[in-house]
Structures are given as structure tokens and as C-alpha cells.
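**Q** Produce the complete structure using the sequences and hints provided.
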Amino acid sequence: MTESTSPPTTTRGISLRTIGLLLLPILLLAGVIALFLARGGLGLEPAAPVEALTIERYTLSWGHINIHVRNASPGPVTIAQVIVNDSVWPFTLEPGREIPRLGRAIITLAYPWSYGEAYGIRIFTSNAIPFDLEIPVAFATTKPAAATFWNFALIGLYVGVIPVFLGIFWFPALRQLGRKWMTFLMAMTAGLLIFLGFDTITEALEKAAGVPGPFQGVGLIAIGAVATFLLLDAISRQQSATRASEADHRMGIAFMIATGIGFHNLGEGLAIGAAYNVGEIALSTFLVVGFIIQNITEGLGIIAPVLRDRPRIAQLGLLGLIGGAPAILGAWAGGFAPSPTLAVLFLAIGTGAIFEVVYEVGKLIRKDTAREPMPLVVFSGVVAGMLLLWITGLWIK
300 MTESTSPPTT
310 TRGISLRTIG
320 LLLLPILLLA
330 GVIALFLARG
340 GLGLEPAAPV
350 EALTIERYTL
360 SWGHINIHVR
370 NASPGPVTIA
380 QVIVNDSVWP
390 FTLEPGREIP
400 RLGRAIITLA
410 YPWSYGEAYG
420 IRIFTSNAIP
430 FDLEIPVAFA
440 TTKPAAATFW
450 NFALIGLYVG
460 VIPVFLGIFW
470 FPALRQLGRK
480 WMTFLMAMTA
490 GLLIFLGFDT
500 ITEALEKAAG
510 VPGPFQGVGL
520 IAIGAVATFL
530 LLDAISRQQS
540 ATRASEADHR
550 MGIAFMIATG
560 IGFHNLGEGL
570 AIGAAYNVGE
580 IALSTFLVVG
590 FIIQNITEGL
600 GIIAPVLRDR
610 PRIAQLGLLG
620 LIGGAPAILG
630 AWAGGFAPSP
640 TLAVLFLAIG
650 TGAIFEVVYE
660 VGKLIRKDTA
670 REPMPLVVFS
680 GVVAGMLLLW
690 ITGLWIK
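For the sequence shown, the residue numbers in my numbering are 300 to 696.
Hints were generated in silico from the structure; no laboratory data involved. Incorrect hints may have been included.
Between beta-carbon pairs, the in silico distance windows are [claimed, not checked]: (1) P429 with G616: 52 to 60 Å; (2) S679 with P513: 20 to 28 Å; (3) P674 with N365: 35 to 43 Å; (4) N365 with V525: 34 to 42 Å; (5) F448 with G616: 46 to 54 Å; (6) G512 with R396: 15 to 23 Å; (7) I612 with K662: 24 to 32 Å; (8) R396 with V349: 14 to 22 Å; (9) L693 with G402: 39 to 47 Å; (10) R338 with G415: 52 to 60 Å; (11) G415 with V525: 43 to 51 Å; (12) E505 with W480: 49 to 57 Å; (13) F448 with I318: 49 to 57 Å.
The beta-carbon is built from N, C-alpha and C at its ideal position, and this holds for glycine as well.
**A** Shown next as C-alpha cells:
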């Protein structure tokens with residue numbers, strides 16, 4: 300007589316023994332942490348207090364200066380004193396003098412500032428650690444209003460939507476070109492995107508310096524870029540398995556290009572709105588003109604994959620909106636509620652999207668040139684695309 304043994308009890312395919320082995324290190328780790336805290340931590344007094352206060356933004360209204368700060372220190376921070384242009388000035392703090400870790404607060408100064416003047420503000424904590432803020436040009440901060448709302452929308456139209464659509468208007472003329480020119484345009488699109496990708500990640504790294512330390516700006520860039528790249532790659536592979544025709548495949552790549560460029564234009568809108576928000580009116584105007592000149596090439600990049608096909612006008616219109624309209628959202632966000640953390644995240648997502656599209660365009664070029672390799676055409680197209688954006692960037696940088 301053979302003895303039958305029943306299978307071990309499982310939960311969703313995982314045995315209870317496996318679950319126990321997975322939980323054991325976690326329980327032991329919790330015990331070690333509890334023991335460490337029960338002994339009073341390290342048991343050492345710090346040689347000097349460690350405090351970090353991030354000044355996220357400031358707003359000015361007549362007779363008042365509001366400073367928005369976040370506590371990036373390991374522990375709570377108490378604001379003790381504020382000095383404006385070498386004069387100690389009374390202040391109020393909401394919600395209280397002590398700011399918890401990662402907490403936000405608004406420092407309000409009843410200060411009679413003058414239009415167009417520059418001000419230097421130094422904030423002292425209770426441990427006499429200073430944090431400085433420079434106001435280069437004092438003027439009343441723009442408040443959300445119907446007129447300003449539509450003005451920022453108009454800036455987004457100028458910067459993103461109109462130039463991208465003007466680039467798309469080249470579609471009928473470019474369809475008349477030969478096979479080598481089609482390959483050249485595809486390679487030029489790859490060059491445009493490579494330049495945009497490096498430009499976007501550079502901007503993200505610059506803005507990461509303004510992100511509170513605990514939020515780890517560089518890590519946020521890595522997460523946003525890698526996650527976006529892998530997500531779009533997974534979507535592309537899934538669509539490739541179910542797509543009915545080559546035309547649909549090319550249209551899918553065009554939509555991905557438009558998405559990547561859209562995130563880049565979102566970052567451009569943030570830059571323009573933020574420049575206006577701190578009083579750099581001349582800079583923001585200059586940025587608008589430069590972006591208009593540069594972004595017409597983005598429309599060309601969007602339509603390059605579908606030049607051999609006959610897309611509907613509605614599809615071309617949707618491509619233009621996806622690529623250009625995010626500039627409007629960026630201008631609103633940068634002008635009314637600038638946030639370095641969100642700016643870094645958006646730029647990181649744009650970086651991942653752009654480089655994934657470069658990967659897809661590269662595969663398309665390789666497929667198109669499998670029978671008749673054109674290495675010099677591809678080389679010249681990639682370099683031409685990068686040089687084109689570099690030259691137009693001279694109007695912006």
C-alpha cells in the first residue's frame with residue numbers, strides 16, 4: 300500500500316513555507332531596527348546641527364513678500380529670524396514656526412518693497428544657519444486671472460502648436476521626394492530627437508539642483524527616464540504584434556515621436572512661464588522667439604515616418620496637437636505654480652520618451668535600408684538633424 304502525500308497548502312500558487320521564508324528577513328530586520336531605536340540610536344551628539352531649507356519660490360503683492368520653503372533636513376527646523384537688505388524684519392510663518400521634515404511653510408513679510416528694485420533676503424534658523432534668497436527684480440507676482448490665463452495659452456500656441464503645425468504643412472511637398480531623400484529625412488528625425496534628448500536631460504539635471512535633497516533629483520530623473528523608455532517599448536512591442544499593416548506601424552511611430560516632442564515642449568513651456576514668474580520678461584520674450592524658430596523642425600520630425608503613406612488630415616491634426624499643445628500646459632504650470640520637483644519629473648519622462656523613439660526610428664531606418672544600405676545618407680541625415688537644432692538653438696541659449 301502506497302502512502303499518498305497531499306501537496307502543501309498554497310496561496311495563489313505560492314506555498315506557505317515560501318511566504319514564511321520571505322517574511323523572516325523582514326521580521327528580523329524590524330527587530331534590529333527596534334533594538335537600535337530602543338538604545339537611543341547612535342548615542343552620539345552631532346558636532347554641528349544639520350539643517351537644509353529649500354526655498355521653492357516667492358510671491359510678491361503690494362506691501363508683502365511671501366516665501367515658500369520646504370524643510371529638507373533630517374529633523375524639524377525652526378525659523379528664528381529674517382533679514383531683508385541687512386535689516387532685521389518681523390515675519391509670520393504658516394502653519395507654525397517649526398517646520399517638520401519635508402513639511403512646507405510660507406514666510407510672510409509685511410515689507411514696503413519698491414517696483415523694479417533688487418532685494419536680498421537671509422533666513423536664519425534657531426541654530427543660526429542662514430539660507431539666502433535673491434529677488435533680482437521686484438514686481439507684483441502674476442495671479443491666476445482670465446487675461447493672464449489666456450496670455451499664457453497664447454504663448455504656448457506660439458511656442459508649440461503653431462510651429463509644429465507649420466512643420467507638418469511640409470507633408471505634401473516632402474511626399475514628392477525620392478527614396479534616398481526619405482531615408483535622409485528619417486535619419487534627420489533621429490538626429491533631431493537625439494539632440495532634443497540630450498538637451499532635455501541636461502535641463503533636467505540643471506533643475507535637479509533646486510529639488511529638495513530627500514527627493515533625490517537625479518534619482519527622480521533616472522526613474523522617470525527609464526520607466527518611460529521601458530513602458531513605451533512594451534507598448535510598441537505589443538502594438539507590433541497586433542498591428543495589421545506597415546502603414547499602421549509607421550503611424551504608431553509618428554504618434555510616439557509626437558509624444559516625446561510633446562514632453563519636450565512641456566519643458567519649454569515651463570521654462571518660459573518660470574522666466575516670466577521671476578520677472579525676466581525680456582528673457583521669456585526671447586525664449587518665445589527662439590522656440591518658434593526651433594520648433595518648426597519638430598513638425599518635420601513628426602511626419603517623417605508617414606511620408607510614404609496617406610494619413611488622414613485628422614491624424615495629422617492630432618499629431619500636431621500631441622506634439623505642440625503641452626507647451627500651453629507648461630506655460631501655465633511655470634507661470635502660476637512653478638515646482639522644481641515636477642519640472643524634473645516631466646523632463647525625465649520626456650527624456651525617456653525621446654530616446655525610446657530614437658530607438659524605434661533606428662529600427663525603422665534599418666528595416667528600410669536592409670536591401671540597399673545607405674550608411675552615408677543615414678550619417679549625413681543624423682548629423683544634419685543635430686546641427687539644425689544646434690544652429691536654431693543659438694537664438695535661445
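**Q** Next step is simple, just say for each hint if it's right about the structure.
**A** Against the structure, the hints come out as follows:
1. P429 with G616: 52 to 60 Å: Once the Cβ atoms are compared, 54 Å apart, the range 52 to 60 Å for G616 and P429 holds.
2. S679 with P513: 20 to 28 Å: 47 Å, violated
3. P674 with N365: 35 to 43 Å: 59 Å, violated
4. N365 with V525: 34 to 42 Å: Between N365 and V525, where Cβ atoms are some 37 Å apart, the hint holds.
5. F448 with G616: 46 to 54 Å: Check failed, 24 Å falls outside 46 to 54 Å.
6. G512 with R396: 15 to 23 Å: 22 Å, holds
7. I612 with K662: 24 to 32 Å: Given a distance of about 28 Å, which is inside 24 to 32 Å, the answer is holds.
8. R396 with V349: 14 to 22 Å: 19 Å, holds
9. L693 with G402: 39 to 47 Å: Roughly 43 Å apart at Cβ, these two residues keep to the hinted range, so it holds.
10. R338 with G415: 52 to 60 Å: 58 Å, holds
11. G415 with V525: 43 to 51 Å: Hint holds: Cβ distance 45 Å, inside 43 to 51 Å.
12. E505 with W480: 49 to 57 Å: 37 Å, violated
13. F448 with I318: 49 to 57 Å: 54 Å, holds
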